[in-house]
Amino acid sequence: MIEYNIVEVSIQTADFSLADEVALLEQNNATDGAVVTFTGRVRNKNEGKEVTSLTLEHYSGMTEKSLAKIISTAKDRWRIGRVKVIHRVGELFIGDQIVFVGVTSKHRQDAFAANEFIMDYLKVQAPFWKKEKTNQGEYWLNAKTSDENKAAKW
Amino acid sequence: MIKVVFFATLREQLDCSELSISNENLATVGDLKTELANKNEQWQQVFTNSSLLAAVNHDMVNNEALIKSGDEVAFFPPVTGG
Chain A
1 MIEYNIVEVS IQTADFSLAD EVALLEQNNA TDGAVVTFTG RVRNKNEGKE VTSLTLEHYS
61 GMTEKSLAKI ISTAKDRWRI GRVKVIHRVG ELFIGDQIVF VGVTSKHRQD AFAANEFIMD
121 YLKVQAPFWK KEKTNQGEYW LNAKTSDENK AAKW
Chain B
1001 MIKVVFFATL REQLDCSELS ISNENLATVG DLKTELANKN EQWQQVFTNS SLLAAVNHDM
1061 VNNEALIKSG DEVAFFPPVT GG
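Note that the protein sequences, when read in sequence, are chains A and B. Counting with the numbering used here, you get residues 1 to 154 for the letters of the first sequence. Counting with the numbering used here, you get residues 1001 to 1082 for the letters of the second sequence.
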């Protein structure tokens, strides 16, 4: 049997390829019939302002630790196979990919639920901060109560 | 000594990304916040903000968390990644 050695968390400035990530999740993985992926991208508008770019800052060390903890909780709650989380940092522009979450499982329900759980917890626990450049100036984004409520529902 | 690090809007408001502080007389994260708030009006404003988050050695904690020499304590605003 070929051992699968996935690095589950990657914080990087470089872009990623959805196709490559899916290929890695599927490679030598005959047991999982479901692959669920989520990709987050930079929107052109936020809170009524025209966005030109955003800069992502993170707390190196804590970011990896908190994401590993979220993934471990997801593995305890659902019967999932492989997990990959990628989050980009640095300056990103409209349409750029920001975040990727990929989860495999034997059947779709576990992968769907675990993927959403990981994304919801990443939003409220992983130490990333966005600073937006807009047509009305540059400012740090405020956390949304709706994100807190969403994570609290799990 | 304790290493204290600041992120995002906090780092800009304080114009400081990290500092070292003696942990003598500081038992908890709450004690450290009180100590930092005493620095001046700007720091007072930042460290009495109830939405401020804290981590000790990369784990999110509350004000009652104990701190000891060699710890890394971080303060930051609510997170906005994803």
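By construction, these hints were calculated from the structure, which means they are not laboratory data. Here the structure is a predicted model, which means the values were calculated and not measured. A portion of the hints provided could be inaccurate.
As the list claims (entries may be wrong) - The calculated lysine to aspartate or glutamate pairs, modelled on EDC-like cross-linking and capped at a C-alpha distance of 16 Å, are:
| # | chain 1 | residue 1 | chain 2 | residue 2 |
| --- | --- | --- | --- | --- |
| 1 | A | 153 | A | 96 |
| 2 | A | 69 | A | 26 |
| 3 | A | 65 | B | 1012 |
| 4 | A | 131 | B | 1012 |
| 5 | A | 133 | A | 91 |
| 6 | A | 65 | B | 1072 |
| 7 | A | 65 | A | 116 |
| 8 | A | 69 | B | 1012 |
Hint by hint, here is what the structure shows:
The suggested pairing of residue 153/A with residue 96/A is violated, with an alpha-carbon distance near 29 Å, which exceeds 16 Å. The straight-line distance between the Cα atoms of residue 69/A and residue 26/A is roughly 23 Å, outside the 16 Å bound, and the hint therefore fails. A distance of roughly 25 Å separates the Cα atoms of residue 65/A and residue 1012/B; the hinted pair therefore is violated under the 16 Å criterion. Restraint check: the Cα-Cα separation between residue 131/A and residue 1012/B comes to about 12 Å, which is no more than 16 Å; the hinted pair holds.
Distance hint between residue 133/A and residue 91/A is fulfilled; the C-alpha atoms sit about 10 Å from each other, no more than 16 Å. Restraint check for residue 65/A and residue 1072/B: the C-alpha separation of about 14 Å stays at or below 16 Å, so the hint holds. Straight-line distance between C-alpha atoms of residue 65/A and residue 116/A comes to about 19 Å, which puts the hinted pair past the 16 Å bound. Annotation: proposed proximity of residue 69/A to residue 1012/B is violated, straight-line Cα distance about 29 Å (limit 16 Å).
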